[in-house]
Every structure is written in C-alpha cells, then in structure tokens.
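So the sequences go chain by chain: A and B.
Under the numbering used here, the first residue of the first sequence is numbered 1, with each subsequent residue one higher.
Under the numbering used here, the first residue of the second sequence is numbered 1, with each subsequent residue one higher.
Be a bit skeptical, because a hint or two may be false.
[Claimed, not checked] In silico DSS-like cross-links for lysine-lysine, where the CA-CA straight-line distance does not exceed 25 Å:
| # | chain 1 | residue 1 | chain 2 | residue 2 |
| --- | --- | --- | --- | --- |
| 1 | B | K85 | B | K57 |
| 2 | B | K85 | A | K18 |
| 3 | B | K57 | A | K18 |
Think of the hints as simulated: they come from the structure by calculation, not from any bench.
Since the model is a prediction, treat every value here as computed from it, not as a measurement.
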Amino acid sequence: MLPPELEDIVEDFRLSPKQMRLQMLLDYSRSLPALPARYINAHETLERVEECQTPFFVAAELDGDRVHLFFDAPPEAPTTRGYAGILAAGLDGATIEQVLETPPDFAMSMGLGELVSPLRLRGMSAILARIKRQVVALSQS
Amino acid sequence: MPAPFDNDPKLAAYAHPERLVTPQWLADHADDPGLVIAESDEDVLLYDTGHIPGAVKIDWHADLNDAVTRDYVDADGFARLMSAKGISRDTTIVFYGDNFNWWAAYALWVCSLFGHADVRLLDGGRQRWIAEGRPIVTEVPAPAPADYPVVPRDDATIRAFKDDVLAHIGHGPLVDVRSPGEYSGELTHMADYPQEGALRAGHIPTAQNVPWRRAANEDGTFRAVGDLRAIYLDELGIAPGDDVVAYCRIGERSSHTWFVLTHLLGLPNVRNYDGSWVEWGNAVRVPIERPGAGR
Chain A
1 MLPPELEDIV
11 EDFRLSPKQM
21 RLQMLLDYSR
31 SLPALPARYI
41 NAHETLERVE
51 ECQTPFFVAA
61 ELDGDRVHLF
71 FDAPPEAPTT
81 RGYAGILAAG
91 LDGATIEQVL
101 ETPPDFAMSM
111 GLGELVSPLR
121 LRGMSAILAR
131 IKRQVVALSQ
141 S
Chain B
1 MPAPFDNDPK
11 LAAYAHPERL
21 VTPQWLADHA
31 DDPGLVIAES
41 DEDVLLYDTG
51 HIPGAVKIDW
61 HADLNDAVTR
71 DYVDADGFAR
81 LMSAKGISRD
91 TTIVFYGDNF
101 NWWAAYALWV
111 CSLFGHADVR
121 LLDGGRQRWI
131 AEGRPIVTEV
141 PAPAPADYPV
151 VPRDDATIRA
161 FKDDVLAHIG
171 HGPLVDVRSP
181 GEYSGELTHM
191 ADYPQEGALR
201 AGHIPTAQNV
211 PWRRAANEDG
221 TFRAVGDLRA
231 IYLDELGIAP
241 GDDVVAYCRI
251 GERSSHTWFV
261 LTHLLGLPNV
271 RNYDGSWVEW
281 GNAVRVPIER
291 PGAGR
C-alpha cells in the first residue's frame, strides 16, 4: 500500500514509454526542493546514504503525525537526485504509518530497471530504509 | 575517411597517440564529416542534463548489454545501434564520459570487440570539457540512420572469459585494478557500491593490484607515458609481448586499464575479463587468494 501521491508517481512511470520515463526521472531530479538553510548550516545532522554511488544525504522530520523529508544530492548525479525527487514528491507530507508501510521494493514496478542497471536501482530502497529508520527513531523519542 | 589526428605533444608520446584527442581538438573538429562524438556515462541521466554539442548518447547498460543474457549485444544489435547513432563502419568515434572515462573506455572496448577501427577517447572526459568552460547543450541530435554492416563480435582477442582466466593463472600477468580493500578481501564490493557485491572476497591467484586510478590525473586525463611505463612495466614487470588480463568488478574500470595498456603503452596482447569479480567471487570452486584468511 503506497501513499496516494507515491502511487500516482509509480503509475505514471509504469504506464509511460521508456524514453518518457527517463525524461520523467530527469524532471524529478530538477524539481527536488533545495535544502533549507538550517540544514546547509548543520550538514552533519543529515544522514549519509552509503549505498548510493555518489554523496547523498537525507533527513526526516515529524510534524505531529506527518513526515517531512529533506535531501541533499549533487546535480552531477542526476539519477540519485531523481530518486530523491520522487521520494520528496511521493512521501513528503505522508503519515508516519504510510511511510513505514511503503514496500522497500516499490520502485521495482516503475520500469526503471530497463533504464538504470537493476543493481543500481537498489539505491532507492536504501534511501527508503534510512528514512523509515529515522522516522521510527523520531516517533519513539 | 578517418578524421585527422590530434598532434598535441602530450599525446604524441603515447604508443598510439591517434587513440586520444584533447578538448581543443574536439572543439575544432566537432563538425567534421565522418566524426561522431558519443557520451557514455555511469549516470544514465547525465547526458540528458547537458552534453557536448552534437554528441550522441551510448548507454553501457541499455545499449551495449544484452537485455536478458549477461553479455554484449550481438552483431545485429550492434549494427542497429551504430546505424541509429549515425555511425558507419569508417566513422571516427570519439568517446567521452563521466567518472574518469570509465564507461567511455568500456564503450570503446565493446566497439573494438566488433572491430570498429577508428575509436578514440577524449583525454579528461566530461570533467575536463566542463572544467575548461566549454559549451554543453541539452539538444539531442537526430542523426540520419547510417549503413552499418553486420560484423561478428570477436570474443577471443581482447576479451577473456572465466575459463580463459583459469588457464591464464601462472602464464602471464593478471592485473586486478580494483581498490586495495577489494583486492585484499576486506571488501566484497567497491566503496560506495555495496549493491554490486560478491559472495567471496579476495583476488584471483597471481593477480597484482594496480588500482585503475593510478593511471589518471586529478583532472581526469591519463598520466604521462613515463609514469605509466613506471607503473606497469617497471613496477609490475610486464614485458611487451606478455599475455595480460585485466579485471575489476564488472569490467568497466578494467576497460580503462585495458585502454592504457593497449593504446597508451602499446602492449599487443591485453584482454579484459569483463565477468570480473562479480562473476569470479560468486563462482563455485574457483581459486581465490585472500591474505590472512583462515588463520
């Protein structure tokens, strides 16, 4: 079960032709919101996702029951930046429960495996795993 | 007709200077008829964010690999790809890409399996082109399909398979171009690439470790020929006529070293083991060396 925003994104990818999917991923990499100043000034509070091939950092925050996500991914690595853009658009504002219930392999059904080597698609699952871990820790603190 | 060669003095010292071009040369010759610039990157989207004007994209995964079998495209597939990119059999292809030209060297090597004669690398790759402030554009060229013959792939001359490597142990230099941690067996994967791992760690017996990076300068260019000779000929003791096999994890970093040994140092018998550690470290009963293991 995916949060509705993420479900829509997955469906869009799944139903689009191959070349279009690449363009969509690029659009998500461009639309990733900039890191707020409070994180730029305290970069060490972001968690590095070691599984990504390039420097990639993520932080989750809770606002009541809602999850907010912040990413730092370099423009020179548009693919991982695109993953961040998808997660930002699909999961930011979702409830804690929705985030924790997002299947780790949700990206496998997006048809990205043909574009990105399937081995390297697992970076997305690694990012999601970090997000969930942070959300669990925050909700228990 | 092949494009003219780059007479840059740094390049002239290499065994085959005709295999490299400088950014200035490429800027001057980009519009030459019979020349195609091709970008091959690690990051599948990088080309789409901007590339050298007129460059086509050749993706290592989607274009050069078979979609089902772990192998390269076959002769028909290769001819179709070349044709679609506007490349004829006598076209000069200049490859460049991100990450120190790993995938550009890999694409060049795959083209060499099919005997495409005039393949070159942009010394310094995408990094140097951008560092020099040269233009990049997002406009994707739409080349007219070219005639490309269906030529069989030669898997014997510059490509090694697992059984070839087994037979090679003890008969010639084996160069492991991975990082020291991967070579020693502390890591089953390259730092930052944990998802491309193997069940077993270590290296192929008799392999010597020369990380690919030693052949490159900070700016992405290849090191001067004297430095390369010192590393591979003096330090490693490779003799010009030796049969040499290079490997890494999936064959891209070793394509970089293959290029250095074959084209910059002029060694005639160098093969790339593209199965590399992802095959060897998962294969049953192949010998592995792991210093310190089992003690």
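Hint check results:
1. B:K85 <-> B:K57: holds (8 Å)
2. B:K85 <-> A:K18: Distance ~18 Å between B:K85 and A:K18 Cα, so the pair holds.
3. B:K57 <-> A:K18: holds (15 Å)
In summary, the structure agrees with every hint in the numbered list given earlier.
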